[in-house]
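Chemist: Chains A and B are the protein sequences, given in the same order. Okay, so the first sequence: first residue is 1 according to full-length UniProt numbering, each after it adds one. Okay, so the second sequence: first residue is 1 according to full-length UniProt numbering, each after it adds one.
Keep in mind that the hints are not guaranteed to be accurate.
Copies of the same chain look alike in the list, so a pair counts if it fits in one copy or across any two.
For lysine-lysine, the following DSS-like pairs were computed, each having C-alpha atoms within a straight-line distance of at most 27 Å [stated by the list, open to error]:
#: 1; residue 1: Lys285; residue 2: Lys314
#: 2; residue 1: Lys561; residue 2: Lys578
#: 3; residue 1: Lys578; residue 2: Lys541
#: 4; residue 1: Lys121; residue 2: Lys593
#: 5; residue 1: Lys561; residue 2: Lys571
Simulated from the structure, these hints should not be mistaken for lab results.
2 protein chains.
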Amino acid sequence: MESTGFLPFLFLLLSVLLFLLFTRLWVDLPYPSFDKAELLGCSSYSPWCTSKNRFQSKPHLIRNPENTKLQRNHNAQVPHHPLDPLTIQEINKVLTIFLSYPLISSSSFTIHSLVLQEPEKPLVLSWKKGDPLLPRRASVVALVNGKSHVLTVDLDSSQVIRHDLGSPFGYPMMTIEDMNSATWAPLADANFNRTILNRGINLADLACLPISTGWYGKKEENRRLIKVQCYSMEGTANFYMRPIEGLTVLLDMDTREVVEISDKGQHIPIPQAANTDYRYAAQNKPLRMKPLNPISIEQPKGPSFSIENEHMVKWANWEFHLKPDPRAGVIISRAMVRDSETGELRSVMYKGLTSELFVPYMDPTDAWYFKTYMDAGEYGFGLQAMPLDPLNDCPRNAYYMDGVFAAADGKPYVRSNMICVFESYAGDIGWRHSESPITGMEIREVRPKVTLVVRMAASVANYDYIVDWEFQTDGLIRIKVGLSGILMVKGTPYGNMNKVPQEEDLYGTLLSENVIGVIHDHYITFYLDMDIDGSDNSFVKVNLARQDTLPGESPRKSYLKATRHVAKTEKDAQIKLKLYDPSEFHVINSNKKTRVGNPVGYKVVPGGTAASLLDHQDPPQLRGAFTNNQIWVTRYNRSEQWAGGVFVYQSQGEDTLAVWSERNRPIENKDIVLWYTLGFHHIPCQEDFPIMPTVSSSFDLKPVNFFESNPVLRMPPNYEKDLPVCRPAAAA
Amino acid sequence: MESTGFLPFLFLLLSVLLFLLFTRLWVDLPYPSFDKAELLGCSSYSPWCTSKNRFQSKPHLIRNPENTKLQRNHNAQVPHHPLDPLTIQEINKVLTIFLSYPLISSSSFTIHSLVLQEPEKPLVLSWKKGDPLLPRRASVVALVNGKSHVLTVDLDSSQVIRHDLGSPFGYPMMTIEDMNSATWAPLADANFNRTILNRGINLADLACLPISTGWYGKKEENRRLIKVQCYSMEGTANFYMRPIEGLTVLLDMDTREVVEISDKGQHIPIPQAANTDYRYAAQNKPLRMKPLNPISIEQPKGPSFSIENEHMVKWANWEFHLKPDPRAGVIISRAMVRDSETGELRSVMYKGLTSELFVPYMDPTDAWYFKTYMDAGEYGFGLQAMPLDPLNDCPRNAYYMDGVFAAADGKPYVRSNMICVFESYAGDIGWRHSESPITGMEIREVRPKVTLVVRMAASVANYDYIVDWEFQTDGLIRIKVGLSGILMVKGTPYGNMNKVPQEEDLYGTLLSENVIGVIHDHYITFYLDMDIDGSDNSFVKVNLARQDTLPGESPRKSYLKATRHVAKTEKDAQIKLKLYDPSEFHVINSNKKTRVGNPVGYKVVPGGTAASLLDHQDPPQLRGAFTNNQIWVTRYNRSEQWAGGVFVYQSQGEDTLAVWSERNRPIENKDIVLWYTLGFHHIPCQEDFPIMPTVSSSFDLKPVNFFESNPVLRMPPNYEKDLPVCRPAAAA
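Bound conformation, chain A alone (with noise of 0.2 Å):
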């Protein structure tokens, strides 16, 4: 036995050689003097050092011009907006700051989330431009000697002005290093790599992803841990298709101490890497369809928004505050709408932001049941916000703006092209009317529409999230959700389901020979601070029923009536969305009403989604509790923003949307908060081999009796003479 484990320590002295030869950096470096390789504890073992060099096909971002352009941009950048994110300069004092304060510098010590402490909502509101701007603070979430510590770091003092005590539940988000030295820890202990070898999988070729572990019972209490599963990417860029089925490794992710290996499919093939491979350079087979003509937005006179001090988005009647956050993504403050009437910049939300994940799969065997992911408060959804692709993830047109975040270590690094901000025009219609021949009038009135795209794309390992939030010139705003990527597979000992027992529960459906797409959930919830005119806001379901007429009354037997129902309390807002007893759900301003009388308000409106259907006992579901209704309104609580809580690893869902909502606070006339949760129900099928065509869905704040009338109404056609003129750019 003690044979086989000179193989694998050959594959590590390999893999070592070729980190050395080819070894690249995965961020963009702030400036030239910070050294992210170590930091990234990208060291000598991991195979993505070199895996990296083997499917790298762009060049490297540093190498762009521009980009190193708007990188040292970065390094002058100075905060203009109380809401602006934390700068290099500043997360660089902070550190220092941090640094120096006792109980740091005599420990050792992460950070798991570094960023501007938002000062407080009132002081916010009351700010103008031009006022000197409101002190910067630091929220600083640190692992010390695995106690979490949230400290709050004021940058014109220098002090750590605040020092409180983690949840005793939950830990922090990971870190990107957390989530790398997991992938390689492993390859440290001798009987995983005997396991693997023992699968016939090259080192060199293996694959591992950080598989946070859930919370299921004391076996996941007063330690950080993860559960780590391996693929063989011999063949194929597409790992995610091979997986060493069965294989569970469980990992303390401080000690990186391996802390159990769980081996149950050594009667599991892996997969053929065959037909696997995605990228464009890998295909060799024939497209099978007429290629389509260049297809282009273009804006002649380009974009018609700007973008103020880096973060203020000024488009059409809307002007709101954007900015890049490790946890959520995008954060969307300060959206304010200009009145059709008087010209009046109106308020409709203080806050939106993704609040929390949840992606629970459905398959309750060993190396599978603790697959429920929380993707923004377990691995940072905006973390896992890649650099967008120019011209493919956002057209032409588009702007793009960099994340400035802060690694385990407190340094700053800059995430280029995290978000891009766009106009989109898809031929559709803003609104219309024709006479028809019955009335004979000569009218057709068209307006086109157009909308601003803000975009990120979050991909979370295998499943790339696309979260849009579209502003329509009418006022609405549109939230979708695309899913795409690669799906997260199983591996199975069946080729064809023809040699499946009938009683036999694949979890999923058999999409290739060897591989089962499993069923899985996905549930996004946002958090919309809605401020309609105003911080003091109610929330009224107006609800749709079946209204029987009286004998005689009408030949009509019934009709449908909308009664309106304030909720006072939270209680009274935890809305389960029904086909048959529909409810319009309004967040007004009862103190405010237009001309004839109605209170001016803001409508969510859900489109397709879908209810998380586990028990509620569940462990997953418990810390998902946030799914149990499609939508909650709470009172306004600055330390209530992430639906699943602050401290989402391992955490027992002691801390969730739903523990503060049964607090069941008064809401009428207050301060609130809108919570809406996106479903989707996805059973696998083989069109989502080997990659996932994307697919959407979306909700929408709509402004109800917002504006004494349609805002838009005024809005020019197109006409022909302002239209481009547009030659192919090969003959250009």
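Following the hints, put chain B in place on chain A, whose structure we already have.
Modeler: Chain B alone, transformed into the frame defined by chain A:
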């Protein structure tokens, strides 16, 4: 009392004179010798004939030389495909045969439908390009002495080869001439004119609408009735916002006799004209937002689709037959997609169309209870599809298709630009995957999403329905309905909500002084004759339900398990959607399996929708019973295409989809038809005044194990070099 009868006569006289001066044709003349004015009943009385001059803003299409050319083409047109609609020459030939048929030659008649009788499905399926065309036949629905007759005219033998009587219950679709004459017929009634004058309306300012009566009992039997309601167009093109509330004229559509006048709204003022006109030329207030720079979808090498022989659309991996239809609007036939592996063209859908609409208003009072429109079977969804406005209804690269229809006297006319076909690119993502820093692989593969859209917009009086059939390269068909246009509003004495007693039911929302937007629903029912790799298909409900684990089986308490239920008979396939009891709905071909043994199929994927809540025994719901479920599947039957029945007008619900489905025919491994109903509840709000921003919803037909794997894997990304070089037109 008699003296007041003279004034209306004076106005009528004035109208006649104005008409003679300005009268213009509302449809394009197919050829110069064709006198449309007489035929359309747009005779001396009609206020529309004057109004259309008043509001005319654009040169009439007949003057456009390009359109003249198109018309010439129509005259020369010959059919190429068995499903091609009747040409002008064919309609003329049918008319000649029809006129010499004994029944007709001796009677007065109106033609309510004259369309191709499609050959039997097996004949069409076995027909191939290059084969001789199948026998051309027309189906003619005519009212002869008040009775419906259905005649099949054979063009080859020049004979009527079949003659059936219509339904003893309902009547055929109204003709445009029916609707037109209903709007002026009341003016022949002195009482009516007196009533109008008593309301302070000049007869020259009168605009009246023909409103289908529905069926509520004996009163509506054995007589073709219509209700007429009127508006003042003084000071605005948007007369819909100025109802003469409470006034309803019941009219005999055949004799044009006023049966009854009901006037219960004398106390209700006519709402003001101010701020109601929506025409761009009539706007005189500032825009109040930053105007947008021009934006356009550009294809410097032209579109990627082709249209062969007028009706065969070929794009990317899709081919389908497209034709305009007076009742359905758009008919898509023989939709086939090319297999991404074999290159074989595979059948997806034999025929898809908008079968019926149901639009019940939620006000049981005298002037409103009957408003329960069925826009296809009563008004002709295609007849109401007005010419699209290039650059605004469809983007620049669109192709426009004309409709060739028959008027009430059987003569052909051309509805130009009725359908557009274009490629859409909104900046969206077809599929993507980035590798994350965890794996370190430098992969960013993204494919833009480009689609092909087939669009029409039907203006059924005030409402505008935009129907899109959107084809994706990944095999998905999205069917989207947009609602825009103008609300049907109700007059009210109230000017402010603070004057409305608490207990009073307004049946809607106060939108402006004296204007209520009445609550209503929209249901659009689609006929989808799916033929997945052949005609014999099955319908499978794949139900997702919670499965509880056994004690000790797993740390998980629950998961979701998919169970397949094959529908044996029609009743098994009567589906109400349930958020908490979700299913996927597949149409499969159980005779054809993928390599790994899954039956090939397509699924219908609902988006946001609404369900009818009316009492099933309420007369309108009996007629609209096809909305009792969201999904139905029936055995293919050539005569079951119109969900509300063939003779919908004043029907009693005797011939609906609900009735057919109750026959409970076997549907497993048979030729089956899928029906999907898209619903909207509409509680109007002030943003809908004086015109409604488009509200859209959609559903998808999506391949599910139809392809062996992702069909768009091999599509290329966008490259800068392929995109156009554009300049502002002004600088060109």
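Chemist: Now tell me if each hint is right for this structure.
Modeler: Each hint tested on the structure:
With identical chains, the CA atoms of lysine 285 and lysine 314 are at most 27 Å apart between copies only, with a shortest distance of 22 Å across copies and 46 Å within one. Taking the shortest Cα distances, lysine 561 and lysine 578 sit within 27 Å of each other both inside one copy (16 Å) and across copies (22 Å). When the C-alpha separation of lysine 578 and lysine 541 is checked against a cutoff of 27 Å, the pair qualifies both within a copy, at 13 Å, and between copies, at 20 Å. In this assembly of identical chains, the alpha carbons of lysine 121 and lysine 593 lie at most 27 Å apart only when taken from the same copy (24 Å versus 59 Å across copies).
Taking CA atoms no more than 27 Å apart as the test, lysine 561 paired with lysine 571 passes inside one copy only; the shortest distance there is 24 Å, against 31 Å between copies.
Every hint from the earlier list agrees with this structure, and none is contradicted.
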